[in-house]
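Colleague: In case you want the letters, here they are:
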Amino acid sequence: MPSLPDMGTPDVMALARAAADAQPHPHDPHVADLALRPAFFDWLCRMGDNALILGHRLSEWCGHGPALEEDIALANTALDLIGHAQLWLGLAAEVEGQGRSADDLAFLRDTLKFRNVKLVELPNGDMAVTLVRQFLFDAWAFGMLKGLATSTSPRVAGIAAKALKEVSYHLERSSDLVVRLGDGTGESHARMQDALDRLWPYAGELFAADAVDEAVAAAGIAPALADLKPDWQRIVDEVLAEATLTRPEVRFDVHLGGKQGRHTEHLGYILAPMQFLQRAYPGASW
Amino acid sequence: MYAQMVKSEGTAAAEMSPEERAFQDRIDRGEKIEPRDWMPDDYRKTLIRQMGQHAHSEIVGQLPEGNWITRAPTLERKAILLAKVQDEAGHGLYLYSAAETLGVSRDELFEKLHSGAMKYSSIFNYPTLTWADMGAVGWLVDGAAIMNQVPLQRTSYGPYARAMVRICKEESFHQRQGYAIMMKMAQGTPEQKEMAQDALNRFWGSALMMFGPSDKDSVHSARSMAWRIKMNTNDELRQKFVDETVPQADYLGLTVPDETCVWNAERGHYDFADPDWEEFFEVLKGNGPCNAERLQARRDAWENGAWFRDGLNAYAGKAAARRAAAALAAE
Numbered sequence: 003m004p005s006l007p008d009m010g011t012p013d014v015m016a017l018a019r020a021a022a023d024a025q026p027h028p029h030d031p032h033v034a035d036l037a038l039r040p041a042f043f044d045w046l047c048r049m050g051d052n053a054l055i056l057g058h059r060l061s062e063w064c065g066h067g068p069a070l071e072e073d074i075a076l077a078n079t080a081l082d083l084i085g086h087a088q089l090w091l092g093l094a095a096e097v098e099g100q101g102r103s104a105d106d107l108a109f110l111r112d113t114l115k116f117r118n119v120k121l122v123e124l125p126n127g128d129m130a131v132t133l134v135r136q137f138l139f140d141a142w143a144f145g146m147l148k149g150l151a152t153s154t155s156p157r158v159a160g161i162a163a164k165a166l167k168e169v170s171y172h173l174e175r176s177s178d179l180v181v182r183l184g185d186g187t188g189e190s191h192a193r194m195q196d197a198l199d200r201l202w203p204y205a206g207e208l209f210a211a212d213a214v215d216e217a218v219a220a221a222g223i224a225p226a227l228a229d230l231k232p233d234w235q236r237i238v239d240e241v242l243a244e245a246t247l248t249r250p251e252v253r254f255d256v257h258l259g260g261k262q263g264r265h266t267e268h269l270g271y272i273l274a275p276m277q278f279l280q281r282a283y284p285g286a287s288w
Numbered sequence: 435m436y437a438q439m440v441k442s443e444g445t446a447a448a449e450m451s452p453e454e455r456a457f458q459d460r461i462d463r464g465e466k467i468e469p470r471d472w473m474p475d476d477y478r479k480t481l482i483r484q485m486g487q488h489a490h491s492e493i494v495g496q497l498p499e500g501n502w503i504t505r506a507p508t509l510e511r512k513a514i515l516l517a518k519v520q521d522e523a524g525h526g527l528y529l530y531s532a533a534e535t536l537g538v539s540r541d542e543l544f545e546k547l548h549s550g551a552m553k554y555s556s557i558f559n560y561p562t563l564t565w566a567d568m569g570a571v572g573w574l575v576d577g578a579a580i581m582n583q584v585p586l587q588r589t590s591y592g593p594y595a596r597a598m599v600r601i602c603k604e605e606s607f608h609q610r611q612g613y614a615i616m617m618k619m620a621q622g623t624p625e626q627k628e629m630a631q632d633a634l635n636r637f638w639g640s641a642l643m644m645f646g647p648s649d650k651d652s653v654h655s656a657r658s659m660a661w662r663i664k665m666n667t668n669d670e671l672r673q674k675f676v677d678e679t680v681p682q683a684d685y686l687g688l689t690v691p692d693e694t695c696v697w698n699a700e701r702g703h704y705d706f707a708d709p710d711w712e713e714f715f716e717v718l719k720g721n722g723p724c725n726a727e728r729l730q731a732r733r734d735a736w737e738n739g740a741w742f743r744d745g746l747n748a749y750a751g752k753a754a755a756r757r758a759a760a761a762l763a764a765e
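So the sequences go chain by chain: G and R.
Adding 2 to a residue's 1-based position in the first sequence gives its number in this note's numbering.
Adding 434 to a residue's 1-based position in the second sequence gives its number in this note's numbering.
Since the hints were made in silico from the structure, they are not lab data.
Ideal Cβ placement from N, Cα and C applies to all residues, glycine included.
There's no promise every hint is true.
To be verified - Residues from chain G that face chain R, not an exhaustive set, calculated with beta carbons under 10 Å:
1) GLY65
2) GLY101
3) PHE109
4) PRO125
5) LEU179
6) ILE237
7) ALA282
To be verified - Computed from the model, here is a short list of chain R residues facing chain G with C-beta under 10 Å:
8) LEU509
9) SER539
10) ARG540
11) PHE742
To be verified - Here are the in silico distance ranges between beta carbons for each label pair:
12) G/THR152 x R/ARG733: 49 to 55 Å
13) G/TYR271 x R/GLY592: 44 to 50 Å
14) G/SER287 x R/ASP462: 52 to 58 Å
15) G/ARG39 x R/ALA750: 49 to 55 Å
16) G/GLU267 x R/GLU545: 38 to 44 Å
Produce the entire structure from the sequences given, and follow the hints as far as they go.
Modeller: The structure is reproduced here in structure tokens:
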């Protein structure tokens, strides 16, 4: 076996840092745009927090999945999303310009400062809830990331291009499972329909634009949320039809506010364990 | 290895049938045994027990580390830990698949795990109490597992040997990740160093136990060694582990919790005290700190997932029927 103490020695770490620093970022006029800064920062936190909180929720399944393959797939999806969160929050911290890092944003903000939609913080429930939540989100994220390919911010377009590859696969997988379980047994159908009925009133927040969304859309950084809706509805309708599930009659934009920091009670219980070590041992390096 | 106390009975050379003799000769020549080859019933049974136990250990082993995924201190650490625990699930998958080539299904093996008829490694019945435990588990538990598993890459059963090649690559990466956590902690604040030392104190003895009872008390290994299912004796591997681990602890500035652990120049090895075998047998009997919780977590995952698996099976049946109907209509 190779000698373990070789790793993490100062010279090795210095080499790794030098290699990372040598990777130039493309010039991005938006990153230093003071007028846009508050909205751009907020929007990047929304993108990052959606990925972080959903990834965190999925990671709770690890070791408890209904089949080994599913356990692995859920962990894999969680891993992708945590990776996206690192990128979005890293850029958010850079745009903010206050010397904070992605980790500072993830581990040292309190509930009111989190910008994810309520949908992603809802408890996992059974696999039906987890999968329907994932599907509704994936279908939105897929359209959003596709739209970001033509962003006027090269940094945003770069992150989106990487994330889109993974999210395309997430959507394929969650759509497929929604179809299979919707059109499976009577019990799996009932559970999926129940999950859909419960989650539907949260889905609309993904499309509820406010001044932040409008500012980044006006700057050409992100697509207007309303423009994403027709494709999302088409994907959702197609998958639900094949799954023999019924799209709920109720409004889908009942539970709003997460994006502005008004969350459900559940978010506090996600942050408490997540932030425990950073809060209990301030300044320690891990 | 994650298999412990796997018993193998066998026949003495003089009583071997011609088939058994030819089988043993193939193994002695270093040939691999493949699924369709003839093999003695006991070889098959012993392998199923050993590979099944190993597979169970991988998936139960997800739990103590999974315990800290939601509390990992940085995004990078969270991603690394998640990837690691996912790897363990993947190892379970390789090993259940390899065991299937011997004619036992994954569901049958699960049933035996859930009923308690099959065991998993006792190490996973200990709790993970601080973040330093994520370091200690990677460094010591994966480290001990590697000691056992590296020789198994040369084991006589082909599918098992090939699974072990992949598993060993990932495990040695896990051990490095664990050691990297220990380095951060040992060089960190006084609280972090205290956590690191405490984790070493708690996992040292149970890591030594992972190699199984002393050779003088382990009467069942001769046949497994002849079959090249077991490649080294428990005591050989335990000594090798101690010899490699003590200098690694020294480098961290941590102390192995054994006053008798000193270099013996005459033997060319470290001396060390036996772990508490009474505790080992108690944990094996089900009286360890987390036995009940670990097994319950696995049973719950299985039972709560029944509707999910049934749903997928039902859909697959319907889809097959639809394809058949479409093919018929096309004729």
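Colleague: None of the hints should be skipped; say for each whether it holds.
Modeller: Comparing the hints with the structure gives:
1. GLY65: Since the shortest Cβ distance to chain R is 4 Å, the answer is holds.
2. GLY101: 17 Å, violated
3. PHE109: Holds. Min distance 7 Å.
4. PRO125: 13 Å, violated
5. LEU179: 8 Å, holds
6. ILE237: Violated - the Cβ of G/ILE237 stays beyond 10 Å from chain R, reaching only about 20 Å at its closest.
7. ALA282: With a minimum Cβ separation of about 9 Å from chain R (threshold 10 Å), the hint on G/ALA282 holds.
8. LEU509: 5 Å, holds
9. SER539: 13 Å, violated
10. ARG540: This hint holds: R/ARG540 lies near chain G, its Cβ roughly 8 Å from the closest one there, short of 10 Å.
11. PHE742: R/PHE742 check passes; min Cβ-Cβ to chain G is 4 Å, inside 10 Å.
12. G/THR152 x R/ARG733: 49 to 55 Å: 51 Å, holds
13. G/TYR271 x R/GLY592: 44 to 50 Å: Holds, since G/TYR271 and R/GLY592 (Cβ atoms, about 49 Å apart) stay within the stated range.
14. G/SER287 x R/ASP462: 52 to 58 Å: 54 Å, holds
15. G/ARG39 x R/ALA750: 49 to 55 Å: 52 Å, holds
16. G/GLU267 x R/GLU545: 38 to 44 Å: 39 Å, holds
Consistency note: the structure conflicts with the earlier hints numbered 2, 4, 6 and 9.
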